[in-house]
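K.L.:
Here the structure of chain A is known, so what remains is to put chain H in place on it, guided by the hints.
2 protein chains.
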Amino acid sequence: MNSKVTLVRLATVALGFNALVSHADDSLPSWNDGPAKQAIFEFVKATTTEGSPQFVPPEARIATFDQDGTLWVEHPMYTQVTYCFERVPALVKEKPELKNKEPFKTVLSGNREAMAKLSTNQLVEILVATLSGMSVEEFRAEAKKWLGEAKDARWKRPYTELTYQPMQELLRYLRANGYKTYIVTGGGQDFVREYAEQTYGIPPEQIVGTAGGTTYGYDKAGKPFLTKDPKLLLNDNNAGKPEGIHLMIGRRPVAAFGNSTGDRQMLEYTKAGDGARLAMLVLHDDAEREYAYGPAQGLPDTKVGTFTQALYDEAKKNGWMVISMKNDWKVIFPFESKL
Amino acid sequence: MNSKVTLVRLATVALGFNALVSHADDSLPSWNDGPAKQAIFEFVKATTTEGSPQFVPPEARIATFDQDGTLWVEHPMYTQVTYCFERVPALVKEKPELKNKEPFKTVLSGNREAMAKLSTNQLVEILVATLSGMSVEEFRAEAKKWLGEAKDARWKRPYTELTYQPMQELLRYLRANGYKTYIVTGGGQDFVREYAEQTYGIPPEQIVGTAGGTTYGYDKAGKPFLTKDPKLLLNDNNAGKPEGIHLMIGRRPVAAFGNSTGDRQMLEYTKAGDGARLAMLVLHDDAEREYAYGPAQGLPDTKVGTFTQALYDEAKKNGWMVISMKNDWKVIFPFESKL
Numbered sequence: 000m001n002s003k004v005t006l007v008r009l010a011t012v013a014l015g016f017n018a019l020v021s022h023a024d025d026s027l028p029s030w031n032d033g034p035a036k037q038a039i040f041e042f043v044k045a046t047t048t049e050g051s052p053q054f055v056p057p058e059a060r061i062a063t064f065d066q067d068g069t070l071w072v073e074h075p076m077y078t079q080v081t082y083c084f085e086r087v088p089a090l091v092k093e094k095p096e097l098k099n100k101e102p103f104k105t106v107l108s109g110n111r112e113a114m115a116k117l118s119t120n121q122l123v124e125i126l127v128a129t130l131s132g133m134s135v136e137e138f139r140a141e142a143k144k145w146l147g148e149a150k151d152a153r154w155k156r157p158y159t160e161l162t163y164q165p166m167q168e169l170l171r172y173l174r175a176n177g178y179k180t181y182i183v184t185g186g187g188q189d190f191v192r193e194y195a196e197q198t199y200g201i202p203p204e205q206i207v208g209t210a211g212g213t214t215y216g217y218d219k220a221g222k223p224f225l226t227k228d229p230k231l232l233l234n235d236n237n238a239g240k241p242e243g244i245h246l247m248i249g250r251r252p253v254a255a256f257g258n259s260t261g262d263r264q265m266l267e268y269t270k271a272g273d274g275a276r277l278a279m280l281v282l283h284d285d286a287e288r289e290y291a292y293g294p295a296q297g298l299p300d301t302k303v304g305t306f307t308q309a310l311y312d313e314a315k316k317n318g319w320m321v322i323s324m325k326n327d328w329k330v331i332f333p334f335e336s337k338l
Numbered sequence: 000m001n002s003k004v005t006l007v008r009l010a011t012v013a014l015g016f017n018a019l020v021s022h023a024d025d026s027l028p029s030w031n032d033g034p035a036k037q038a039i040f041e042f043v044k045a046t047t048t049e050g051s052p053q054f055v056p057p058e059a060r061i062a063t064f065d066q067d068g069t070l071w072v073e074h075p076m077y078t079q080v081t082y083c084f085e086r087v088p089a090l091v092k093e094k095p096e097l098k099n100k101e102p103f104k105t106v107l108s109g110n111r112e113a114m115a116k117l118s119t120n121q122l123v124e125i126l127v128a129t130l131s132g133m134s135v136e137e138f139r140a141e142a143k144k145w146l147g148e149a150k151d152a153r154w155k156r157p158y159t160e161l162t163y164q165p166m167q168e169l170l171r172y173l174r175a176n177g178y179k180t181y182i183v184t185g186g187g188q189d190f191v192r193e194y195a196e197q198t199y200g201i202p203p204e205q206i207v208g209t210a211g212g213t214t215y216g217y218d219k220a221g222k223p224f225l226t227k228d229p230k231l232l233l234n235d236n237n238a239g240k241p242e243g244i245h246l247m248i249g250r251r252p253v254a255a256f257g258n259s260t261g262d263r264q265m266l267e268y269t270k271a272g273d274g275a276r277l278a279m280l281v282l283h284d285d286a287e288r289e290y291a292y293g294p295a296q297g298l299p300d301t302k303v304g305t306f307t308q309a310l311y312d313e314a315k316k317n318g319w320m321v322i323s324m325k326n327d328w329k330v331i332f333p334f335e336s337k338l
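Keeping their order, the protein sequence lines are chains A and H. The C-terminal residue of the first sequence carries number 338 in numbering that gives the first Met the number 0, and the numbering is unbroken. The C-terminal residue of the second sequence carries number 338 in numbering that gives the first Met the number 0, and the numbering is unbroken.
Heads up, a few of these hints could be off.
Copies of the same chain are indistinguishable here, so a pair counts whether it falls within one copy or spans any two.
Said to hold, decoys possible - Below 20 Å or equal to it, Euclidean Cα-Cα: the simulated SDA-like pairs (lysine to any residue) are:
| hint | residue 1 | residue 2 |
| --- | --- | --- |
| 1 | Lys222 | Thr260 |
| 2 | Lys100 | Ala149 |
| 3 | Lys315 | Lys325 |
| 4 | Lys316 | Arg156 |
| 5 | Lys222 | Asp273 |
| 6 | Lys179 | Arg250 |
| 7 | Lys92 | Lys144 |
| 8 | Lys143 | Ala59 |
| 9 | Lys316 | Gly297 |
| 10 | Lys315 | Gly221 |
| 11 | Lys315 | Pro223 |
| 12 | Lys116 | Val80 |
| 13 | Lys219 | Asp273 |
I should point out that these hints are in silico values taken from the structure, not numbers from a laboratory.
Isolated chain A, as found in the complex (with noise of 0.2 Å):
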């Protein structure tokens, strides 16, 4: 062989290693290429090459996901609130004067369009008790074997298999680059972190979610425990959002993900730092793979996760990216990928 073929091979092999590299380093391989995917790479690449001008050290490097339709499934209905509609035959068993009440009686009537028009004060109510009273342990428990049960109507899987596998790779790319990943929902933080460390490997103390207080008290053997209050500490919808990233993390997060109205100020606030910041909303226009719904874009309005044309508009006018399901996403959850 002579020392021209030599380095002809070289080459070759050179090329095809970048090739390679190149390949192994997308790590969204569920995202199509396009602005979305390219924003996320552009992102990464600046806050975390040292000597970028927008390079955030790794103690600041905070990412923040709102969970309901932004890494899984909510419709038609909240996970959360079905297992509050699930849970009521065992409210009332244990409490038999709530079986003729309203609106615990429709609930049990099992009539979906009658629960469908529920007030919000009724949602609340059942909400509140099937949420309060116990103790952090036994609620614990209800939640994990429900979780373990219970199956979504459409997909006949467990809830916690309905995840985005597009955001479940945008989470372990972000881990991978020294961000950390916290989930700020409206969902409830203890019901949340019953699943997602083991979902998402988001562990508990990295939940920020709608909470009540607990009251510390003792059992008869004089053993310590907390029980769920009622009372509401943190509405974390909102200006709740930004309001409970500061009480539970006390930093301003470098990139915040959403996909309704709901996530608004969590994005502003996001932006509203200093230097390179990323703010994205999922937009559900997919009604094959997964639900469509808006009404931006002319999408169905809804009650569950509504992204307005408003919040549309002022995506486009403030440098957000909006996800489009159908276009960014080549498959929609983890099990499509597995097939």
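P.N.:
Just chain H, lined up with the frame of chain A:
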């Protein structure tokens, strides 16, 4: 050299090496040998040795520390209360109507005897007036400036230098063994966050403290910001400590450290978990090198950091370790060990 001599030399080297390792293993050089130091070593060995029946997986290794009187000096007055008193002149400059109003008038007079006689309600009024009403950023700037300038009257040093060297070693030793260290303080969460990362290596998201709410709003340019509210969300003392731990961490600590009756429930809650648990209380019994107060064990009674005899007896009964500053600590402050 014959082989017998070689063996002897090798044995000597080996023994020397072992002695060296054993010495290097002492991660708590400012602790005297005794039951407190031994309890720490045994606890860490039991909970971090794979295969140990008391092994705790890394993600569950949570250690919580009270701050005032446990990690740094709290006498003659909590540092944050001194901060609040010293903020009063600036507050009155902004709000001249407070100048002749009590309790601000007394604080402005500088009469220490009169200040010591202020009622709890008057004290709370001063705390609320100096810790709320401004933006989170304004508060941070004020606290940071004060911490950089203010000095303790006895040691003529910044308050952040008056941390306990043995506890600093303990924090580092636990972290080196996979423990996540939290501060759980009756002090203001935002105040402690301002210096804890630099002073103890504990980041803002690992500070649980007494916390007020914030309100999200916009400045004239439309930029969002958070204002500190006078509304109390969490009184992180006594039963508030385990309640705050559940709210902010969501896991039961495996080890907890305190020094006063306000820490009792945190230690109880920690010890009520399964497996190996470590609960320790610092007893201030060293008037010469720091302060002496109880009233446990006949030490002088005090309002700041009260350690009652009942708490002492409970500690002995429940297997909580009492750390004697006088007997267990070789040095008190980091600057002493550097002399």
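K.L.:
When Cα atoms must be at most 20 Å apart, do lysine 179 and arginine 250 count as within-copy, between-copy, both, or neither?
P.N.:
both (12 Å within a copy, 18 Å between copies)
K.L.:
Could you place lysine 116 and valine 80 in one of the four classes (within, between, both, neither) given a Cα distance threshold of 20 Å?
P.N.:
Within one copy only: 14 Å inside, 53 Å across.
K.L.:
Using 20 Å as the alpha carbon limit, work out where lysine 315 and lysine 325 are close: within a copy, between copies, both or neither.
P.N.:
Within one copy only: 18 Å inside, 64 Å across.
K.L.:
With identical chains, the pair lysine 222 and threonine 260 could be close in the same copy or across copies; at 20 Å between alpha carbons, which is it: within, between, both, or neither?
P.N.:
Answer is between; shortest inter-copy Cα gap is 18 Å, intra-copy 44 Å.
K.L.:
Have a look at lysine 316 and arginine 156 and pick one of within, between, both or neither, based on CA distance no larger than 20 Å.
P.N.:
Cα proximity of lysine 316 and arginine 156: none, with 39 Å in one copy and 51 Å across.
K.L.:
Reference check for the pair lysine 219 and aspartate 273, CA-CA at most 20 Å: within, between, both, or neither?
P.N.:
between (54 Å within a copy, 18 Å between copies)
K.L.:
If the cut is 20 Å between Cα atoms, do lysine 92 and lysine 144 qualify within a copy, between copies, both or neither?
P.N.:
within (18 Å within a copy, 59 Å between copies)
K.L.:
Please sort lysine 315 with proline 223 into within, between, both or neither, judging by C-alpha distance up to 20 Å.
P.N.:
between (52 Å within a copy, 18 Å between copies)
K.L.:
From the Cα coordinates, with 20 Å as the cut-off, is the pair lysine 315 and glycine 221 best called within, between, both, or neither?
P.N.:
Answer is between: at 17 Å across copies they meet the 20 Å cutoff, but 58 Å inside does not.
K.L.:
Could you place lysine 143 and alanine 59 in one of the four classes (within, between, both, neither) given a Cα distance threshold of 20 Å?
P.N.:
between (33 Å within a copy, 18 Å between copies)
K.L.:
For lysine 100 and alanine 149, with the copy left unspecified, which applies at a CA distance of at most 20 Å: within, between, both, or neither?
P.N.:
neither (26 Å within a copy, 62 Å between copies)
K.L.:
Evaluate lysine 316 and glycine 297 at a C-alpha cut-off of 20 Å and name the case that applies: within, between, both or neither.
P.N.:
within (19 Å within a copy, 69 Å between copies)
Violation of the numbered hints given earlier is confined to hints 2 and 4; the remaining hints are satisfied by the structure.
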